[in-house]
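Start from the sequences, fold in the hints, and give me the full structure.
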Amino acid sequence: MAVISLKNINVTFKQKKSEIVAVQDESIEVEKGDIYGIVGYSGAGKSTLVRTINLLQRPTKGSVIVNDIDMLQLSPKELRNQRKKIGMIFQHFNLMNELTIFGNVAQPLKHSNLSKVDKAKKVNKLLKLVGLDDRADNYPNQLSGGQKQRVAIARALANDPEILISDEATSALDPRTTNQILALLKQLNRELGLTIVLITHEMQAIKETANKVAVMENGTIIERGSLLEIFTNPQKPLTKDFINTATNLDEALVKVNELLTTQPLADDEELIKISYVGADTAQPLLSTIYADFDVTTNILYSNMEILTQTPVGLAVAIFKGTVANRKAAKASFSDHGVVITELQGGTN
Amino acid sequence: MGWIQEHMPNAYALGWSGDYGWGVAIWQTVYMTLGAAIIGGIIGLLFGIGLVLTADDGIAPNRTAFQILDKIVSVGRAIPFIIMVVAFSPLTQLIVGTTIGTTAALVPLSLGVFPFYARQVQVALLGVEGGKVEAARSFGATNWDIISDVYLREGRAELIRVSTVTLISLVGLTAMAGAIGAGGLGTTAIVTGYQRFQNDVMWTATVIILLFIVIIQFVGDLLAKHARHN
Numbered sequence: 001m002a003v004i005s006l007k008n009i010n011v012t013f014k015q016k017k018s019e020i021v022a023v024q025d026e027s028i029e030v031e032k033g034d035i036y037g038i039v040g041y042s043g044a045g046k047s048t049l050v051r052t053i054n055l056l057q058r059p060t061k062g063s064v065i066v067n068d069i070d071m072l073q074l075s076p077k078e079l080r081n082q083r084k085k086i087g088m089i090f091q092h093f094n095l096m097n098e099l100t101i102f103g104n105v106a107q108p109l110k111h112s113n114l115s116k117v118d119k120a121k122k123v124n125k126l127l128k129l130v131g132l133d134d135r136a137d138n139y140p141n142q143l144s145g146g147q148k149q150r151v152a153i154a155r156a157l158a159n160d161p162e163i164l165i166s167d168e169a170t171s172a173l174d175p176r177t178t179n180q181i182l183a184l185l186k187q188l189n190r191e192l193g194l195t196i197v198l199i200t201h202e203m204q205a206i207k208e209t210a211n212k213v214a215v216m217e218n219g220t221i222i223e224r225g226s227l228l229e230i231f232t233n234p235q236k237p238l239t240k241d242f243i244n245t246a247t248n249l250d251e252a253l254v255k256v257n258e259l260l261t262t263q264p265l266a267d268d269e270e271l272i273k274i275s276y277v278g279a280d281t282a283q284p285l286l287s288t289i290y291a292d293f294d295v296t297t298n299i300l301y302s303n304m305e306i307l308t309q310t311p312v313g314l315a316v317a318i319f320k321g322t323v324a325n326r327k328a329a330k331a332s333f334s335d336h337g338v339v340i341t342e343l344q345g346g347t348n
Numbered sequence: 001m002g003w004i005q006e007h008m009p010n011a012y013a014l015g016w017s018g019d020y021g022w023g024v025a026i027w028q029t030v031y032m033t034l035g036a037a038i039i040g041g042i043i044g045l046l047f048g049i050g051l052v053l054t055a056d057d058g059i060a061p062n063r064t065a066f067q068i069l070d071k072i073v074s075v076g077r078a079i080p081f082i083i084m085v086v087a088f089s090p091l092t093q094l095i096v097g098t099t100i101g102t103t104a105a106l107v108p109l110s111l112g113v114f115p116f117y118a119r120q121v122q123v124a125l126l127g128v129e130g131g132k133v134e135a136a137r138s139f140g141a142t143n144w145d146i147i148s149d150v151y152l153r154e155g156r157a158e159l160i161r162v163s164t165v166t167l168i169s170l171v172g173l174t175a176m177a178g179a180i181g182a183g184g185l186g187t188t189a190i191v192t193g194y195q196r197f198q199n200d201v202m203w204t205a206t207v208i209i210l211l212f213i214v215i216i217q218f219v220g221d222l223l224a225k226h227a228r229h230n
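Line order of the protein sequences matches chains S and U. Last residue of the first sequence: 348 (the working numbering), numbering continuous. Last residue of the second sequence: 230 (the working numbering), numbering continuous.
Keep in mind that a hint or two might mislead.
Unchecked claim - Below, a list of computed lysine-lysine pairs in the DSBU-like style, where the Cα atoms sit at most 35 Å apart:
hint	chain 1	residue 1	chain 2	residue 2
1	U	K225	S	K116
2	S	K122	U	K225
3	S	K110	S	K186
4	S	K85	S	K116
5	S	K122	S	K110
6	U	K71	S	K77
7	S	K110	U	K225
Claimed, not checked - Far from chain S, some chain U residues (derived; all Cβ distances over 10 Å):
hint	residue
8	M1
9	G2
10	A13
11	G35
12	A37
13	I43
14	E154
15	I160
16	T164
17	I190
18	T206
19	L211
20	A224
In case anyone wonders, no lab produced these hints; they're calculated from the structure. All values reported here derive from a predicted model rather than from experimental measurement. In this text, a Cβ means the ideal position worked out from N, Cα and C, and glycines have one as well.
Structure, rendered in structure tokens:
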């Protein structure tokens, strides 16, 4: 059952003389409990697309159904009430500087029916959930970026939403703080059953959290699937780009290239990329091909990720042996479900 | 006192509480400044808020309303104040019943100051990050909530700052109105002092006006500092 269903969404912005198409006839379905990652470079339209979920951006065409409610049919008052069920956090936190941390988290409760005492209880509970119960009386400027985002998360949860939209929420944070915030989002997803739509330009963030991924470019989703599918079998060049950055393959290849300029490959050597899914596959094969085909391997780089409980591995290695033997060795890898790519001079 | 009597005979002769006394002049200036600040301030604040809300990227975009507000403010700012005082005297006559005196001066002063203040308020409120407004919309805030809890509260330090600037320019306007009979320190400086060659009177009035401005600036800075948490 999809909790968010965007159908044939078009968003165009009218300029003085031209029209800019931000989102072009795109649809997306998010199931309850999903952490749905949407990745793309800035200007790809991902922010515009997710902003149609709570109608911060009205689509030029298309339908927006959230929790079985047609958002576009709502009166302004009904829309405000529905928005309370869709929390949102932002890249620059967007906290109110003139309110205390307590005041910020309490702000969405302004028109709620809770008594003053119950509101205070709720705010304190939320601050505890994000680990900031001792900072209630501080002002936002007294907090670090990661703490500010925690406050923003507490504020987004004030009205017990079932959906949380995260708009580049970790893009202004350092890597360590990013991981803490992502861990918090995962915890909320697990403990509260919160459905999360996460947009980012960092594949790393998606890799850590999401179970589904969509890749956006020029206002359209060019590729989508489960995290595992996208990571192990990317189709589009842009998707491969993002994944290579996330697995540090790009960086590794630069170094491999440097190495190869000083120590060029011999005639009986070739550069190979090995990718595999699942544990215990690639490593034993490396010794097998030596025993069976007299092919030696020199691993220059290797990386393993656990994506939704499945190990996904990647290695760059030099195979050394006769042409026929190398060919047989590669075939043996393929037979075992390991994907072999020949790298021409270290390019991917 | 002896020194003042000797070196500033004319200023001394005016006394404190007579019709043209210093106390009366000071009170008239305070009355005109505060009166016009309240009337012009409220109108200017409403226009300033209106300009921000009805702009294309505002929370209640309305091109017609924006254009009307914008043109009124632009034209109002373009008319030199000294001309406004005389040009709007029929309106003053209609509202106050006379065109002479401090209460009559409140009409052109309010008209003169509100477009200036409206622009200042507009700029101050546009300084509030759009992200804060978007966050408020995302958690279901009404437009009234956004005006009071986002624009006015988050922009309050900046509003205090532009109010200070406006108040200071308003003191200047009261002096200009004083030149053509509104009363206050402007009348004392120009009519009693300058036009009758009593330079000591002119300079005394100028120094008092200067003191006004120093005090307003000091209090404004203090309030702005206390209103800000970032």
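Status of the hints after comparison with the structure:
In summary, the hint linking K225 of chain U to K116 of chain S is supported, as the alpha carbons are separated by about 30 Å, within the 35 Å threshold. With a C-alpha separation of about 32 Å, the suggested pair K122 of chain S and K225 of chain U falls inside the 35 Å cut-off, and the hint holds. For the suggested pair K110 of chain S and K186 of chain S, the alpha carbons sit about 28 Å apart, so the restraint of at most 35 Å is met. Only pairs whose Cα atoms come within 35 Å are accepted, and K85 of chain S paired with K116 of chain S is accepted, the gap being roughly 21 Å.
Proposed proximity of K122 of chain S and K110 of chain S is supported: the alpha carbons are some 13 Å apart, at most 35 Å. For the hint pairing K71 of chain U with K77 of chain S, the CA-to-CA distance comes to about 33 Å; that is within 35 Å, so the pair holds. A hinted pair counts as satisfied when its Cα atoms are at most 35 Å apart, and K110 of chain S with K225 of chain U qualifies at roughly 27 Å. The claim that M1 of chain U lies off the interface holds: its Cβ sits roughly 50 Å from the closest Cβ of chain S, which is beyond the 10 Å cut-off.
Even its closest Cβ contact with chain S, about 54 Å, leaves G2 of chain U beyond 10 Å, as expected for a residue assigned away from the interface. With 10 Å as the threshold on Cβ separation, the claim that A13 of chain U sits away from chain S holds: the shortest Cβ distance comes to roughly 52 Å. Every CB of chain S lies more than 10 Å from the CB of G35 of chain U, the least distance being 30 Å, so the non-interface label holds. Against chain S, the non-interface label of A37 of chain U holds: every CB pair exceeds 10 Å, the least being about 24 Å.
Every CB of chain S is more than 10 Å from the CB of I43 of chain U (nearest about 25 Å), matching its label as outside the interface. Not every C-beta of chain S lies more than 10 Å from that of E154 of chain U, the closest at about 6 Å, which undercuts listing it as non-interface. Annotated as non-interface, I160 of chain U keeps its C-beta farther than 10 Å from every C-beta of chain S; the closest such distance is 12 Å. No Cβ of chain S approaches the Cβ of T164 of chain U within 10 Å, the least distance being about 18 Å, so the stated non-interface status holds.
No beta-carbon of chain S is positioned within 10 Å of the beta-carbon of I190 of chain U; the least distance is around 43 Å. Non-interface status of T206 of chain U relative to chain S is upheld: no Cβ of that chain comes within 10 Å, the nearest being about 39 Å off. For L211 of chain U, the requirement that its beta carbon stay farther than 10 Å from each beta carbon of chain S is met, with the minimum near 32 Å. Listed as a non-interface residue, A224 of chain U keeps its Cβ farther than 10 Å from every Cβ of chain S; the least gap is roughly 12 Å.
Going down the numbered hints, you'll see the structure goes against just number 14.
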